[in-house]
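Chemist: These are the residues of each chain, in order.
Number of protein chains: 2
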Amino acid sequence: MTRRGLLLILSSPSGAGKSTLSRMLMTWDPTMRFSVSATTRPPRPGEEEGREYYFRNRADFETMVEDGEMLEHAEVFGNLYGSPRAPVEVAMKAGRDTVFDIDWQGGQQIKQAMRDDVVSVFILPPSIAELERRLESRGQDSPDVIAGRMAKSRDEISHWAEYDYVLVNDDLDATFEALKIILQGQRLRRDRQPDLSAFVRGLNEEFAVR
Amino acid sequence: MTRRGLLLILSSPSGAGKSTLSRMLMTWDPTMRFSVSATTRPPRPGEEEGREYYFRNRADFETMVEDGEMLEHAEVFGNLYGSPRAPVEVAMKAGRDTVFDIDWQGGQQIKQAMRDDVVSVFILPPSIAELERRLESRGQDSPDVIAGRMAKSRDEISHWAEYDYVLVNDDLDATFEALKIILQGQRLRRDRQPDLSAFVRGLNEEFAVR
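Protein chains in written order, with numbering that gives the first Met the number 0: chain A, 0 to 209; chain H, 0 to 209.
Rather than coming from a laboratory, the hints here were simulated on the basis of the structure. The model shown is predicted, which means the values in this text are computed figures rather than measured ones. Worth double-checking, as some hints may not be accurate.
Remember, identical chains collapse to one label, so a pair may be satisfied in a single copy or spanning two.
[To be verified] Derived DMTMM-like pairs (lysine to aspartate or glutamate); straight-line CA-CA distance at most 20 Å:
| id | residue 1 | residue 2 |
| --- | --- | --- |
| 1 | K151 | D172 |
| 2 | K151 | E205 |
| 3 | K151 | E204 |
| 4 | K179 | D169 |
| 5 | K179 | E204 |
| 6 | K179 | E131 |
| 7 | K92 | D169 |
| 8 | K151 | D140 |
| 9 | K151 | E161 |
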């Protein structure tokens, strides 16, 4: 039976494992789509249109927002960021799930727009010390940037109770197993199986001719 | 982390595989509890109190209903049948799930009483011909009894859309795999994890002393 694709929202403080888990999901099931954001920020060297971001000028971005073509959007440090709606709807109709690597504000807007098609998962670190250790071990950020990320983490974590599922990522493989089970279970929900009505109609026709 | 046990309602027309699937679940996870019904019908030879049924006289049964001690009950051919509440609540607190092998009316009453603690799964046969074949191959019922079961099946199937999940049992192992995934996914829901609040409080305390 075909099913309707769902929208999987993954949120977590930076360093809790959200991006790694998204990548693991896409490798496990290549039919899944990663939602690429649109932004008004100019491309950096090496960034490709449609891979890191869809790059749009402010006028085009604002038109998309007015036309309801953004599932969510926000302004950060003077640049607009948002999740385009059209590719998500194409994926849903084709029975493909879309993964959103997104913060609580974006997640909340998508939930409001797409309701029962959304499954939201919050990833928690096993401890704050471990979260900081992971950020430091990446070796890509200055102490100032890390301090900024840690402050933002505290705010992000304060929204844990708004999610359908919350996983404590103390073991990446175990967390990934849990995430797969959540996704597989959600795919089985009756309201994601549009072919069931026709199937039951068939059973009733069989009753009628007995 | 400990979690709150859930109530798994399995419904299906007789012969679709519900009882076999319940037994497979209990073997797979022996911590699960099967809800034994109470009844006013007298015990038959070989039946044991608390195994097939809890046998109660009508006065005792009615007192239990009045006291809210039945999650659901119904009268069938002059006998009362019902699901006692107390053992379910004990199991829930101990993090044990309870399986109900029950028809749509009982399922609906339990859903009303226990709301978000209920997960409901409807099992459909692959075809009506196959359903009849399974009933006949049991060799335990007369043609009249089978005809009665088939008529009841039609009524039971008409309630498929009231369930959270609907599985077509054309392959018992595949259906069991799906059932396990549904159950495991539901166990992971945030609102079934009472320890998460304390865990996040711990993270916040860690932030506070940094």
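Chemist: Look at each hint and say if it fits the structure.
Modeler: Consistency of the hints with the structure:
1. K151 x D172: Answer is neither: 26 Å inside a copy and 46 Å across each miss the 20 Å cutoff.
2. K151 x E205: between (59 Å within a copy, 15 Å between copies)
3. K151 x E204: between (58 Å within a copy, 16 Å between copies)
4. K179 x D169: For K179 and D169, the Cα distance is within 20 Å only inside one copy (16 Å; across copies 24 Å).
5. K179 x E204: Intra 37 Å, inter 31 Å, cutoff 20 Å: neither.
6. K179 x E131: neither (27 Å within a copy, 36 Å between copies)
7. K92 x D169: Close neither inside one copy (35 Å) nor across copies (26 Å); limit 20 Å.
8. K151 x D140: within (15 Å within a copy, 67 Å between copies)
9. K151 x E161: Intra 17 Å, inter 42 Å, cutoff 20 Å: intra-copy only.
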